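S.K.: One letter stands for each residue in the lines below.
Protein chains: 2
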Amino acid sequence: MTNPSPQFTPAPEVRLPTREGVLCAAAKVATLLPQTPLLALELPNGGRVWCKAESLQPMGAFKIRGAWHRLTDMTAEERARGVVAVSSGNHAQGVAWAARRLGIAATIVMPADAPEVKLSETRRLGAEVVLYERLTQSRDAIAAEICASRNCVLVHAYGDSWVIEGQGSTGIELASQMDCFAGGAPTRIVAPCGGGGLASGLALACPDAEVVPVEPDGWDDVTRSLSGGAIVGIGANPPRTACDALQTMATFPINFAVMTSHGMQGVAVSEAEVRAAQAYAFARLRLVVEPGGAAALAAVLAGKVPADGRTAVILSGGNVDPAAFARVIADS
Amino acid sequence: MTNPSPQFTPAPEVRLPTREGVLCAAAKVATLLPQTPLLALELPNGGRVWCKAESLQPMGAFKIRGAWHRLTDMTAEERARGVVAVSSGNHAQGVAWAARRLGIAATIVMPADAPEVKLSETRRLGAEVVLYERLTQSRDAIAAEICASRNCVLVHAYGDSWVIEGQGSTGIELASQMDCFAGGAPTRIVAPCGGGGLASGLALACPDAEVVPVEPDGWDDVTRSLSGGAIVGIGANPPRTACDALQTMATFPINFAVMTSHGMQGVAVSEAEVRAAQAYAFARLRLVVEPGGAAALAAVLAGKVPADGRTAVILSGGNVDPAAFARVIADS
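As given, the protein sequences belong to chains A and B, one line each in that order.
Just so you know, we're using my numbering here: the first sequence kicks off at 1 and counts up by one.
Just so you know, we're using my numbering here: the second sequence kicks off at 1 and counts up by one.
Please note that the accuracy of each hint is not assured.
Identical chains blur together in the list; that is why a pair holds if it fits in one copy or across any two.
Computed list of lysine to any residue pairs in SDA-like fashion (alpha-carbon distance at most 20 angstroms, straight line) [claimed, not checked]: (1) K304 / E78; (2) K304 / R327; (3) K28 / R224; (4) K28 / F181; (5) K28 / G183; (6) K28 / A182; (7) K304 / R150; (8) K304 / T223; (9) K304 / S138; (10) K28 / A40; (11) K304 / E116; (12) K28 / T18; (13) K28 / M74; (14) K304 / N151; (15) K28 / R139; (16) K28 / G218; (17) K304 / P34; (18) K304 / T136; (19) K28 / S120.
Hint data in this document are derived by calculation from the structure and do not stem from the laboratory.
Keep in mind that this is a model prediction, so the values were computed, not measured.
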């Protein structure tokens, strides 16, 4: 499958994301949000990684960064029109949070099977939620229809230069914290990957670090796109995954361009490896990490990505239903 | 019951804890440990408190602060003799962590019914663990015997000026973070209370703030001591509590003196209120907080302590067995 969302392919006049944009986003975020902590984590094999706990952002995921950078750069006219976003929940809450703070109307298109905690929190933040069926309806088509009928501004979850730059601010914070406590900037950053917004932003933020995007088995379209040199989407009948936040159909050219120019190669992890990582973060870091948020840690714990040098791991989100989390830790 | 541990009553020559000591401890801690995050938390009634997540310290509790300040101020001769501590687990791990880092031998006296995670982590940190039966054996007598036979230095969990000052460093960090993000220093600090080490330290750190120690129902000896004007211990046959970290028999004169001179008044919370607070911290902050660590938040959520002004809550620890935590969140 090639890029299945041509309606969102950046037009030629669209600006590309830059490192300057990442620095600007980081400066904006620094005045709004306390830094998320950097936690040292000992591995079972005696190694050590540094974990950036983005699960502790106000709405539980790094997505607040890109949403804030995007919405604060909108003109007054754009703000008055309102925004639309498509998301299984974390980008949804990020946009809803930023929109409420800025007095912008927000409509969020979410899959009907999104975790209840993500649906309810998005509504609690004041956004209008429009549900769709993940396997039978096109979320992008629904969003495009809303944009057209209401004349709203689409805030894409990853195929957007502002969003990429905003997510990249994670890397600026990370590098400064590692300079203080780890003896230098990260040499490798392992990050959960859906569409590649975070991975692209991290590559711009930390050009000298190896950035490793991690996807769930069967949803590893970015990994296959990077190894094959062209964007491919997920296959037909992808497997079920607990990593709802990482279920994207294909990356976008804007992300792919940044990731390939950085020489990035991805990795895929199993559901069992993800659960083990959630249980490890619970026991050793006392953090609640959602399945998708634990994917990068899963890759390191499974030995799929080495932890040598100064390796950092992004714990990208913590929005998980209590019953699901209880099962994961009770079985560990 | 009056002070049941006369063998640990500070001798006249013992120095009292000071605010200067707290500032010194804070400076030492700042070079060793990243600040724990300050997280804004919306309450169900629309109010807001600021949560200091000490559960994210390397071994999962604020106790690492006092242990570090105490052990780093020991002479070379004292270090060579080794240390003994008595603890249900968090002070144990704090002392074990600091001792390992400084190359000091550590023996920890722990109740046989301590959470398994606390026992195993203390051993993993290289300490020798000596078990006792909470209801039939005197932990202080066992510790005194070890001290005498091995010529070790006792590091008391709360009745020690260095330990009090070290725990107070939490307040220095908290005040500086609230200045940045909450518009000023805290006007009230609500803190879980076992023997009063943290509460005493916070009072020295933030003399202008109201400090409210919170204990579990039936283990509210500090609350009753403060309201009665004299140290009393817990009653006979105290109820079972999940707050293992707060099960102390009585406060010490050194803590009582600081708390009374600060005009402190305590509050007690029920087991159900504690569980509700753990579930709330899970859902809204994505943090794993142990029962005792959630006591202060429980008091605020139950409306027993107002959240007006700039109220801060200490989430003091996160070491909890997975099965117990799974039950708390699954039932929420």
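S.K.: Which numbered hints turn out to be false for this structure?
M.R.: 1, 2, 3, 7, 9, 11, 14, 15, 16, 17, 18, 19
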